[in-house]
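Protein sequences appear in the order of chains Z and U. Residue 335 in our numbering is what sits at position 335 of the first sequence, and the numbering runs on without skipping anything. Residue 1078 in our numbering is what sits at position 78 of the second sequence, and the numbering runs on without skipping anything.
Treat the hints as calculated values from the structure; they're not laboratory data. Cβ coordinates follow ideal geometry from the N, Cα and C atoms, glycine included. Among the hints, a few may not be true.
Unchecked claim - Simulated coverage check for chain U against chain Z, where a stretch passes if three residues somewhere in it have a Cβ under 8 angstroms from a Cβ of chain Z:
#1 1031-1038
#2 1060-1073
Claimed, not checked - Some chain Z residues well away from chain U (every beta-carbon gap over 10 angstroms; in silico):
#3 138
#4 206
#5 238
Chain by chain, the residues run as shown.
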Amino acid sequence: MPTKVAIIGVGHTAFRATSPGLSYKELMFEAATRAYEDAGLDARSEIDSFLTCSEDLAEGTSIFDEYVPDQIGGAERPVYTVSGDTIQGLATAYMQIASGIVDVVSVEAHSKASNVVTPGELHAFALDPIFVRPLGFNAHAMAGLEASAYLATTSTTREQCAHVVAKNRRNALANPSAAHAAAIDPQDVLSSPPAFAPLTELEVSAPADGALVIVLASEERAKKLKRQPVWLRGIGWSTGSGITSGTDGSSADYARSAAEMAYRMAGIGDPRQGIDFAEVDDSYSYKEPQHLEALGLFGPGRAGAATADGATARDGDLPVNVSGGSLGVGQLFEASGGQKVAEVVAQLRGEAGPRQLKKAKTGLAQSWRGIPTATGAVVVLSRD
Amino acid sequence: MTERTLPGTPLSDEDMQQGKVLTLNWPASLRYEWDTGVAIGRFLRELKNGRIIGRSCHRCQRVLIPPRMFCERCFRPTDAWQFVQDSGSVNTYSLSHLRWDASRVEEPILVAVIEIDGSSQGGLLHYLGDVRPEEIHIGMKVKAVWKPAEEREGSILDIRHFRPIDTAQDGPA
Ligand SMILES: [Zn+2]
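With the hints as extra help, turn the sequences into a complete structure.
This is the structure in structure tokens:
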């Protein structure tokens, strides 16, 4: 039996396209205050370890570890940054607790995407300097390449991808924290200007600012708190060889292997039976069905049609991205996966307000680290 | 430095510049505009006004410089704005004989941490000026030398440097 670890507190700011009035430190302080209040814990005496998920280049400050302790309660305490998505941060927290060296861990992630004046340069830095950067195209075109391959391989249609965007942006209307809620229809998506064809502008998630903190605890500690724990039943992460490596670029293998790891730990044989709802990466329209298939929640090439039929809607058979996803809430750098985890926790606790699902016993959150990576992580959370 | 003879053919700058060796060059052109937020935004605006402002925490009774909206010790919001002096004392210092690109300077750059009077061990890292290097000592009383008001722009450089307090000019420290 794997060690039992629970999420005992979640806090986040609203996610907004810009946040000119607050520094990243002030955003982080708000998220941390909310999370520790939610957990019912004193930041300075009852949390043993602090993690921040961030990439130095996105911050514009190297060795960013040095800039995070004060505002999350971690001054002169165990702190370091994980250069990965929030779900990778949760995996690190899980290992710290399972190893027995700490009982309670705070995991922080944030985005100040609006402060990056040259996002294109930031993306370019992630491209291979020998083979790709000299070509000089916008890195989002890598998603266009993958979208073409995915549509061709699976016979998923552009209309089905447009349904994903309309669904998620509309779902965000019921999420007061979402930055990019909109009442749009698939036709609006298809008729928006071409961006990285086959993708249109509306099929690319837009950035947002915000911060979130998730607090995890050992079973023993979690059971002593007032708050009903949400159990981390399985977690996995994986990195592939990348889209230009000559492997099949259409199938999100990183998500498949990360999910296998998480399902094995959670003892889930058939994910469609074991999972009630999911928050999956939807950085681009096609990513949602591609990821749903890689996660084994739909058969190959089935998720697009199922979306158009309403199977992934809030009242569907398998609600997906009820929060609004990255398309509706916003692209949040390393906090993207964290936002999905926060939604799964809210649903499992029955605290999702107007978007509360009726059946929410076990949920899944999945992240992808975005273009040009082949890195993803999966976490399965459960009420019991 | 003694020259060591190593096997092989040495590469020269010229070899690189003439493209005899294949290399790739990627100049970084990343740019950021950080939101200063409530605390640092106000701090910078007050520098423009020729004043230094901090935030006080009523629980630990400290006045924080630079100001922040949260107290890192108590983990709670700070309570009030508080102007502090533009004087202080040298907490520690270094005479930097090299620039940040490691080139040598004629006269050392005088770098110091100034504990601002009225703050609780609050430190500003800044330059010392109008002082001979050998006179600098820990605990030395210093005062800010501001740029003229019309040149100030809400930057830590609105203070040119800190100079020793002259008791004749400034009164008793
Ligand atoms: Zn305090």
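Indices of hints not satisfied (ascending): When the structure is compared with the hints, none of them turns out to be violated.
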